Structure formats: structure tokens, C-alpha cells
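For the sequence shown, the working numbering gives the first residue as 346, with consecutive numbering after it.
Treat the hints with caution; some may be incorrect.
Unchecked claim - Heads up, simulated BS3-like pairs for lysine-lysine below, C-alpha to C-alpha not over 30 Å straight-line: (1) K864 x K993; (2) K1224 x K1030; (3) K1224 x K1274; (4) K534 x K390; (5) K1274 x K1030; (6) K1103 x K1189; (7) K864 x K534; (8) K993 x K513; (9) K452 x K507; (10) K1030 x K390; (11) K1189 x K1224; (12) K452 x K993; (13) K513 x K452.
Don't read these hints as lab results, they were simulated from the structure.
Keep in mind that this is a model prediction, so the values were computed, not measured.
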Amino acid sequence: MAPKHRDGDVVASFPGEYISWIHTTFAYAAFLGAFVVGCALHYQKIVQNEHFGYPIEWFPSVSATIGDRYPERSVFQVFIALTSAPRFLLVILWYILTARPNSSLPKFVFGVGVFRTLTCGGWTYVTSTDDHDWHDIFMISYLVATLPWTIGCLALSPNNPKAIFYRKVFAGSFFATLIPLVYFFIQHKVHRVPGAYTIYAFFEWSLVLLDVAFDAVTALDFNGLELVVKDVKGTSRGNSKNVSDKIRQTEKDKPVGQVFAPGFSNGALLDALAEVYAGYIFWSVLTGLGLLIWYFPLWHMGISGYEAFVMTPVSPFLLGITSFRKLVITNIRVVYLLSISGLLAYLVASPEWRLTTVGFSVSTGCLAWSASWWADRAQPAKLEGRIAAFSLGLLASSVAKYAFQTNNPVWPAVHAANGGWNKTGTLLAILAMLRMTRRPLDVTGGVSSLKVPSGSAFPAALGISGLMFGMHSLLSDSSTMISWVWEGYPIRGPMAVPHGSYTLFAMGLGLLIGLYYPKFTRSWTFYGIGATGAAVLTGFSRWFGFYGGLTLAAYLMAVAPALISNAVRFPPGRTFFLGFFFYNVLVLAHVWVVAYAFVPGGPLMREHTDWVMTAMMLAIGAGVFSATASASNGKTKTSPNSNPAARKQRSYFLYILLGLQLLSVSVSYLRFPSYDYTPYHAPEKSITAGIWTIHFGLDEPLFTSERRMAQLLRELEVDVVGLLESDTQRIIMGNRDPTQHLAEELGMWVDYGPGPNKHTWGCALLSKFPIINSTHHLLPSPVGELAPAIHATIEAYGELVDVFVFHSGQEEDPEDRRLQSLYLADLMGSSPRPSILLSYLVTKPGEGNYHTYVSERSGMRDIDPADNWDRWCEYILYKGLRRSGYARVSRDSITDTELQLGKFVVGSPEGGNDHISEDEVPEGLRFPKLFRGEGVRGHRYHVFDEPWYYA
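Using the sequences and the hints given, assemble the complete structure.
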């Protein structure tokens, strides 16, 4: 008979805790059942991976167990289907248990729980063999949703010590397991370490068991609920306190307590999003300016005059005119809207006018942000929010570039054809600017409530210059500092993917420090930590150097609120003019360290990145000195930490920060290389090798050219290609990396070559074959520009082949080129393996240094000594391989140099120089017919109008 209750008869009852136990039982049955069946029926098949099998690998991964074969896949899917009903009930009961009046967090966690359940069904029933992309989308969505679900459940836990203890144990173990999981996956996927995948599988299974165990803890909370539903203990009526209530009371003055504070407002969150997006637009336009300026000296082959646009950020000098400052502040909405013009610049066909448009956009953007900071100086909470939005805008810009393979989707150098989202970006920018400028600014800047500052504005301005330069040069792309410390294969340091997310995490952590511990960020102790990070990044490579970079990234983001808050105390025209002026000086200096051969006085800055880094940190130090003096003299307003409104406002920026960090993790997962690359013509043991000077990835119409390059290289079936003039990790080149898109789009290993701190124009190597080892070289260059080279060993069809990529010095320095030819000849001659040189030699065929490169000393042969027409720069040399074909392909407007190709056969003798007709060549060793005659899109076989083939 059904039990009685004081509120009425209970017709039927079902203990709530049974829901948890049913869910747990079915979930474990799904995974463990598939594991038992899989091991019993297909053990050696499910432990096999792309590199190794049994007995090297002896424990199956979760994905191989549940998704690859029948019947274990069916066992898993049946029990997961049975799990769905109790799973939805579990989420519903959790909401009933934790719901509170005027509290949005339980609703949010409920939504996350439903979403997580649906995505679980997605990756369960759409296996990787069915649709790899959708399987990954569902899987990464599920994993991303796990973080807010876990944190939300912990925050909302009823005050049950036992349940809270188990949740902390399972949640902490879950997230701690992610670290070795990623490590051993990289060991397997990248380094191909035998047995690493088995260890990875153990951690993967641990994640599954811990994930289910975390939800099983709800049984301890549901024992007070019965399904009809009657709350027999009153725990769902808001009478008992949960963990978030306790946090709000005991930690109310600390960051974690402020996040869980009541009073969530959708409008306030929209305001924060609008300001962050405005910051994103500012950084997007500013980082796009250098890219457009670089086009002109690049295509004019010298100083063009358009470089003067680098000074457009100094527009805040106009704020020194009182009437103009009032005009700007009174019409701040108009000024912000004018700054959006840079997003529409992609529509301007003329490079000159496009640069002019972007220069105007940068000018108005700097004016708007400087005026806004100054106008808010009497309102610390509002000022802090604006600075946080500015800094998060930089982080959002870096995340966007991380997602779009180092191109910003709203840059003026991109459009729909090469991955641009210009229209969407512009529409969102208009909406954001309109929302964030709803309330007028204070024209006086609160001057009546502030004392006249003592001291000079100069050190405060220097602080702004160092901060802006550091953020722009090092943090505007997540892979910039990684390229500084990269030293080739085998991999002994961070990679652009997935370790770019480490940079983004350090930036976010730094911002949190700056917001919550402003006194510490102004300290000389913290400055010393930042300076040490800068020194380590500059002086060391691999992981140690990168750790210095991460330290510096956190420091720059942390010190931003202190430096900007201090700068607004002084007259804005003087302070921000000087700040942006010296920022521009640093920008020019960090270009001169590599462009010394082309600018007046350049040799003084030759190869002195250390000077630039020192100048940056000294400038920041001046800002810290000014901020510290201001604080000690009591000139600063009350800290936002003591303002309840500021504390609540800060939580919205934390939500945005968390969203950006989750997005970066998702991008890392989706972009992680597959490393399952195959050459185009494996049966013939063919290598199609090319050399191409890519002109820094900017085409003649002034758009980024990676996608056009990828299409041509794919259609020409290139297996190995050397790229020259490829180092674009500088402000003036957009802080980007064209090789990332090429490698991922074409499925190739990539070696970036000497990094930006090595002061070269760069070289890179892309290969369909695994790069076993590579070393980077800087060849003798006593007078002119540094000559970079890569010496790589690839594994092609079971044989080791050396590939050299080399860019010689310029024509004006013959002694440099002579010394470089001797160095490279010795380097090539030292290799006993079959070799290919993909090079830019700056010599005529059969003359001068040509006889050093092609000599007994080097052991190398010219791919065709008879080709002597207009062959001044690019050469392909080889030894120990049979050369089967040679072609020269016109560039169209992608770059200023043709693409040269050579076909080689591994494991065959070199052969002679006699030409043969294409009919005598096996089909797999022929060049594609697509480029004969007029070719396609301006690309065709030219010079001799067809490929040459050899006996």
C-alpha cells in the first residue's frame, strides 16, 4: 500500500536515488560491456593503431572499443540508449533540488546538462567512421560542456559533506587526468613512441569512469527525493543552503565569491560582450594596419613613402585641444562608428586607398579608446571594465586567429574567397558600438573630484608604449612566441597547435591577476618576474624559453589595468600621444633588426632583438614607477575591489574569459594534426619537390594568399616544397604564419625554419613524408641580410633523404654570397644520403658561385644545366636520386616568383641529362596536364612551355 504524507496520499513512489544508480549501472554497462565483447572477439584489431599493434600496444582505447566493430559497437549503443531516460531525469531532479528564487545558475546548469546529454547521443550514434567531422563536433561539444557542468554542480551542491567530498575527488581526478592524457597522445601521434597509445588508453578509460562516477554522486543528494514527486525533507524549497550560498557568505570579498554573487543581468552581460567586441575590433584593425603597410615596400622593392601610415596611432594628440576633446567625448558614438571603417576596407580595390581607409580607422580607434579611458578616470569601476574589455579584445583577436590559422577573419587583407567573415564582423561591430555608447561620457573626466596629478606624464606615457608594443608584438597571435623557441625536429618544444592555447591561458590568467591583485601588479617584485620572463624568452629556446614567454604573457596582461589607470591621471593629449609615438618607435625598431640592410641607420639595429626587448621592459618599468608613485602619494581613487558594483561587473568579464578559454581548447582539439599523410604517387616511389618564394603570403591584389597557394600545390601534386620569404611573425607582417594553413589543408609536416628572433626573412619546409630530424642554420653574412637554411632528413619509402631549403643573401653583397656558397656546399657535401636542395641562389647558371653549389665539394647536380633562361634565383639541385622530371610554373598574381618543380624517384640511380618524351614516362611520374597551354587561373608551364622528362 502506498505510504501516506501530510500533504495527501502518495499513489506511487520511487526513490530519487534509484535514478542515479540506474544511470550509473547502464552507463558502466555500455562501456564495460563493449570492452569485454571487443577484447573477446577482436582484441588484436582494437589495440591496433596507425603506428603499432600487438604486442607493442596491448590495451584498447575507448574510441576503438565502442565505435569500430560489430557487435561491441551495438552493445555500447543499446546500453547508452537505455541510459538516456535516467540521464534526463537526473538532470531534471538536480534542477528541482538546486533551484532558488532569483537565481540563474541552476537554470544554466540545467541547460548545460541537457545539451551535454544530447551531444553524448551525437558522438555515440555518429561514429568517426560514419562522419568524422560531426563525430568530432559532438565529442568536443560534450567535453567543453563538461567543465561548466562540473563547476556548476560543485557550486550548487546541497550542504552534504560526503557528496561534496566525492564530487571534489572525482572532479579533481578528472581534470588532473587530462594532463597526462594529452601528453601521451602527443607522444603517440607526433613522436610515435611505441606503447604510448596504450598508456593514453588507460587515461582515456579513467576519464570515462570518473565522468560517470561524478554523476553517480547525485545518489547521495537524491535520497531525500521521491518520484511522484514529493519533497519529504524540504530540500527543494530553498530552506537549505548550497555550496554557492556558502561561498557568497564566506568568500564574498574574494574573486570566487564575486562570481557566484546574486543579481545576474542579461543586459549587463550584453554590455560586457559589446565592449569586449569593440576591443576585438580595435585590435583586429590595428594588427591589420601593419600587414597593409608591408605590402608597399614589398612590391615596390624599397621604401615607398606609405610607411608613414605607421604613425596613424598618434591621433590622441588631438585630445590636447580642449574644444576638440569635448567634441570627441560628446560624440563618442560617432567616433567609435567611424573606427569601424577599417572593417569595410576589404571592399576597396586600390591598395593605396585601402591602406588610407585602415589608417583612418586606426586613428579614430586610438582616439576613441584614449578619450573613453580619460573620461572614465573618476569612476574606477567603469574604467576597470573598459580596460578589461580592451584586454579581452586582444585575447578574442588571438583566439580568432587561432581558429582561422593565424589570419583574422575581419582583416582588410581577407575576404570571402580566402576565409573572411567581413560582413558578419561589420554587422556585429555596429551593434556592439551602438550598445556600448548608449550612455554619454563625462566631458570633464571627473576633474572636479580629482586632484591635479603631481609628477611628469612622460614615464606614464612610456608605460603605455611598452605595454602596447608587448601586447601587439608578442600576444596578438598565439603562435608568435612559439615560433621564437621552435628549433625543428624531433620536436623538443611547443607546437603552434595545440600549445597555442597555453599562450591564451597565460593571457587570461594574467588578466585575472591584474583585476584582482592591482597592488601586486604595481610591485617591483612582479616587474622582476615579468623582466625575467622576457629575458628567458629572448635568450633560450624550446620549453624553457616558452615558459619565459608564458610568464611574460601573463605579466603584460596583468599590468595593463595598472598602467592605463595611471596614465589617465595625466592630460590625455600629451600622455597618449607620447605613448603611441614611442610604441611606433618600438615597432620600427623591431622591424629594423631584420630590415637593417634597407633602412637608413639600419646596421645600428642589426640583430638586436635583445635591445628592443630591453627597451620594452624599461618603458614598462617607467610606467610601473609612475603608477607606484601615484599609489604611494594617495592620488588614486578607491580600488574597484571595494565597490560592490565593480565586483559584480567583473564577473561578467570572467564569464566571457571562460568562454574564450573553452573556445581555444575546442580549437586545439579540432586543429590537432592527424599525421596520417601520404604522398601523391607512392607506388612509383616518387617525390615531387618544389621551391617557391612566397613574398610573405601577400598577393598582388593585397590579400593573404595561403588558400591560393594551397590550391596550386595540391593540383600540382607537390610532396615536398621549400618556401622562402616566409617569416611573417612581426607586427609589420601581421604576426601570422602562412605555413599553418598550408600544412593543415594539404596534410603535410611543417618546419618553420629560423624564427623571428633569428633576424631572417625566413624559410620553411612542408613535406608529405615524416621529418625525422631538422636543424636550422644562419649562414655567414658579415655585411648583408642573414641567409637562413633548413637541413632536414625525411623518411621517404623506407629510405632517409636529406632536403635543404636555403635563401642566399642579396645581390649587393658578393662576399656574403661567396661565404654562404662555401658553407652550404660543405653542409651538403657532409651528407652521405640522397639529397635535394630547394634554393634561392642569386647567381646565373654556370657562373660564379654556381660552381661552388654544383661541384664535387657539394656532390650536387643541377636538375637541368641546360635551363639558363631567366634563372637568376631559384634552383633545384640533387644527388643520389633519379631525376625524372622538371617544370617551371608561372605565378599569376600570388607572388613575384615562379614555382619550380622537380620529380625524383627514390631508390634508383641518378641517370643522365638526356630528355625523353612524355609518352615514355609512366603515368605516375608525369606532371598534371591541367597546366598545359593556357593553364588555369594564370598558372601554366612556362619558359619551355611544358615539363621536361629525363631518362
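Status of the hints after comparison with the structure:
{"no.": "1", "hint": "K864 x K993", "result": "holds (20 Å)"}
{"no.": "2", "hint": "K1224 x K1030", "result": "holds (16 Å)"}
{"no.": "3", "hint": "K1224 x K1274", "result": "holds (27 Å)"}
{"no.": "4", "hint": "K534 x K390", "result": "holds (18 Å)"}
{"no.": "5", "hint": "K1274 x K1030", "result": "holds (20 Å)"}
{"no.": "6", "hint": "K1103 x K1189", "result": "holds (28 Å)"}
{"no.": "7", "hint": "K864 x K534", "result": "violated (44 Å)"}
{"no.": "8", "hint": "K993 x K513", "result": "holds (26 Å)"}
{"no.": "9", "hint": "K452 x K507", "result": "holds (25 Å)"}
{"no.": "10", "hint": "K1030 x K390", "result": "holds (29 Å)"}
{"no.": "11", "hint": "K1189 x K1224", "result": "holds (21 Å)"}
{"no.": "12", "hint": "K452 x K993", "result": "holds (19 Å)"}
{"no.": "13", "hint": "K513 x K452", "result": "holds (22 Å)"}
The structure fails hint 7 only (numbered hints given earlier).
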